[in-house]
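Student: Since the structure of chain A is provided, determine the placement of chain B on it from the hints.
First to last, the sequence lines map onto chains A and B. Residue numbers for the first sequence follow my numbering, beginning at 1250 and rising by one. Residue numbers for the second sequence follow my numbering, beginning at 179 and rising by one.
It is worth saying that the hints were derived from the structure and are not from the lab.
Under the rule of at most 20 Å between Cα atoms (straight-line distance), these lysine to aspartate or glutamate pairs were calculated in the EDC-like manner:
id, chain 1, residue 1, chain 2, residue 2
1, B, Lys-298, B, Glu-549
2, B, Lys-540, B, Glu-530
3, A, Lys-1391, B, Asp-358
4, A, Lys-1391, B, Asp-354
5, A, Lys-1386, B, Asp-354
6, B, Lys-232, B, Glu-203
7, B, Lys-552, B, Glu-509
8, B, Lys-326, B, Asp-459
9, B, Lys-326, B, Glu-541
10, B, Lys-434, B, Asp-362
11, B, Lys-540, B, Glu-454
12, A, Lys-1386, B, Asp-362
13, B, Lys-582, A, Glu-1398
14, A, Lys-1391, B, Glu-357
15, B, Lys-552, B, Glu-541
16, A, Lys-1391, B, Asp-356
17, B, Lys-455, B, Glu-539
18, B, Lys-327, B, Glu-343
19, B, Lys-546, B, Glu-335
20, B, Lys-232, B, Glu-494
21, B, Lys-255, B, Glu-240
22, B, Lys-434, B, Asp-459
23, B, Lys-546, B, Glu-462
24, B, Lys-353, B, Glu-343
25, B, Lys-504, B, Glu-214
26, A, Lys-1386, B, Asp-358
27, B, Lys-227, B, Glu-498
28, B, Lys-434, B, Glu-454
29, B, Lys-346, B, Asp-472
30, B, Lys-504, B, Glu-230
31, A, Lys-1386, B, Asp-356
32, A, Lys-1391, B, Asp-362
33, B, Lys-399, B, Glu-590
34, A, Lys-1386, B, Glu-357
35, B, Lys-552, B, Glu-530
36, B, Lys-583, A, Glu-1398
For clarity, every value in this text was computed on a predicted model and none was experimentally measured.
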Amino acid sequence: MNNGFSIKPYLLIAPYLLFFLVFVLFPVGFSFFLTFHNWNIISPMEYSGLDNYARMFNDRLFWQSLRNTIWFLVIHIPLQIIVALGLAVLLNSNIKFKNFFRASFFLPVIISGVVVTIMWQQLYGFHSGVFNHVLSKIGVSKIGWLTSETMAMPSIAIMATWKNVGLYIILFLVGLQTVPASYYEAADIEGASAWQKFWFITLPAINPTLFMVIVFSTIGGFSLFIEPYVMTGGGPLNSTLSSVLYIYKQAFEFFHMGYAATLGFMFALIILTVIIIQKRFIETKDE
Amino acid sequence: MTNKALILLTSVLMSCQAQKDQSNELTCWSANDNQEIEFIRTSISLWNKGQETKVSFQPIPEGQSSEEVVMAAVVGKTTPDIYANMWQGLVELYSVSGVLIALDTIGDFKEFITERCGQKVVEEITSSDGHIYQVPWKINPIMTIYNKKLMRSIGYENAPRSYSEFLKAGALFYKDFDEDGYPDQWIGDTEVKNIWHQRLMNFYPLYLGASNGAPLIKDGKAAFNNQYAIDVFAFLQTIYLNGYFANESNSAGSDKFIGGKLATKWTGPWHVSSLEKFKPDGFEYEISNLPVPDNHQGPIYTYGDPKNIVIFNTCENPSEAWQFIKSLINEEGDLRFFTTTRQLPRRINLSENPMFQSFFEKEPKLKKFAEQSKYIYGTDNCEVLIEVLDIISQEYESCVLHNKKTPKQAIEDAERAVNVLLGNF
Chain A
1250 MNNGFSIKPY LLIAPYLLFF LVFVLFPVGF SFFLTFHNWN IISPMEYSGL
1300 DNYARMFNDR LFWQSLRNTI WFLVIHIPLQ IIVALGLAVL LNSNIKFKNF
1350 FRASFFLPVI ISGVVVTIMW QQLYGFHSGV FNHVLSKIGV SKIGWLTSET
1400 MAMPSIAIMA TWKNVGLYII LFLVGLQTVP ASYYEAADIE GASAWQKFWF
1450 ITLPAINPTL FMVIVFSTIG GFSLFIEPYV MTGGGPLNST LSSVLYIYKQ
1500 AFEFFHMGYA ATLGFMFALI ILTVIIIQKR FIETKDE
Chain B
179 MTNKALILLT SVLMSCQAQK DQSNELTCWS ANDNQEIEFI RTSISLWNKG
229 QETKVSFQPI PEGQSSEEVV MAAVVGKTTP DIYANMWQGL VELYSVSGVL
279 IALDTIGDFK EFITERCGQK VVEEITSSDG HIYQVPWKIN PIMTIYNKKL
329 MRSIGYENAP RSYSEFLKAG ALFYKDFDED GYPDQWIGDT EVKNIWHQRL
379 MNFYPLYLGA SNGAPLIKDG KAAFNNQYAI DVFAFLQTIY LNGYFANESN
429 SAGSDKFIGG KLATKWTGPW HVSSLEKFKP DGFEYEISNL PVPDNHQGPI
479 YTYGDPKNIV IFNTCENPSE AWQFIKSLIN EEGDLRFFTT TRQLPRRINL
529 SENPMFQSFF EKEPKLKKFA EQSKYIYGTD NCEVLIEVLD IISQEYESCV
579 LHNKKTPKQA IEDAERAVNV LLGNF
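With the rest of the complex left out, here is chain A:
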């Protein structure tokens, strides 16, 4: 056994280490440093102590953006799970053209987010949109999908669900295919209904997948940006101003790099807390 020093392991991890140092550790460290400074990129930095933190706690728009993001998650995650799980169960059964449907549902996932949002903007148009045209035809009042303060965020959540549901269908399908067929055979012998089989066999069996989907959706939902950026610009009345969009505006429209870094750190801390809670919850369930 050779206990001597060898450079090989270090060489092997060097590419990742270099990547980590340059693209993760340095930016995070620099961002933290920025939180104590005012900097518009092109002028010299000015030390500002805890001013950015003090400003953040009094910034009505930041807290509104956080509430908006949470409201988006509250609509988007259950909707995503219900639609994805329902479709996955259907696609796991013996239906015709199964592969065609699987590919179709996955298609929006690989389409550019900007293309999808522009397309849905056309569908959601108040006067010229397809949805309101259909509603008018059946005698229902038009809806301000993107122009009403109450409807704009749910409309974005519906679109985001349509865009991402294909990915979660695949995850659920993987989970469903691990459930032993013998469980269902035993349930059939006992005379269980389809709903009872789903509730007492399928759902508990795919619990780990379900929680994985919740975690992924939470992280994805927290990074809500492109949809409000393209469709509403954060309006109406800031009702779709997500936290990431607000941080982007502070950094790249107003060039408040120090303040944007402070908001970014606070936001990362919130996401971390939510993920830790979810992780604890999953571990408790597993035990």
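Tutor: For chain B alone, coordinates are given in the frame of chain A:
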């Protein structure tokens, strides 16, 4: 091995030094627009034929916005010598940061610009420190384009001139053909998204029109809490409350003006090219001023949407760069620019200048914009102008689009927020 590495390093350093010493070459960035690329390319090839200092060119690299790309270049010290497409509202930010050359310190700059653009423009572009950091280059005045047939259908020969005429026309033109409770045609529309630069297409030109070109910011304070701004908000609020304008984003659906669903449109000369290209048979349109308050006296100002040329402090030969810029903006350069891009050079008495008359004969619609160019204003020299416009945009949305505040309250709130911003900055 060590010697070889040393030789390689020395040669790399020497080549870098050699690159830096080439001060007889200038680099120029332009907008990413086909016509502007063609204009700059032609101008550069003409310049390079007769000059020792050569100019190389590239359109601004792709990015989320040109502002972001320029900012990244400033940080990385990879700015070009010349950038031709700088929004006037951003120049103060760059000049305060010391990344631009003070052009008034170069030879005949001030005389040339005063002769080309007039004293008023020189005053407009002079920064707070008394220096000039931008070459006034091109403008796209915001005006009303109107559909003549549709206006005639409600008894108007021209576009409505005053607020009350406009509102009356709005009521006459409002039609719910399919009786679903919503209008199917509108007197006009303007972007409803709460994005700061959209206010440069509605609130700001109307404010300039009402106030004869008054500033938003003066002596480091908000200067817009006045009857003009309140009247503009009240006018637009009435329009939206009555459904005279379409309440959806301009990017939803097809072009309503070409489709005959809008009687008027507040826009710039760029719209003429697309109208000429896509207008249906028999489509007649004309251009006029934006509406003004009923008691308005005198000429009608508007926002000129000026984009200018700057020289970055990375330029090693600013005098030569200025000579090249002069070749872009002298009479021949301006005519070439106008005919190639159909954007207007910021030149005094443009509509009367004999040099441009044959072009106006071919493009009579553009002459209207050229006539308006006497009465335009750009932007105030304010380092945080984008935030000022964002604050106004927030209040605009709250008051004009959602009727949550009175115009007076909204303007007062905007003034207070802008003063806090300017005081804290």
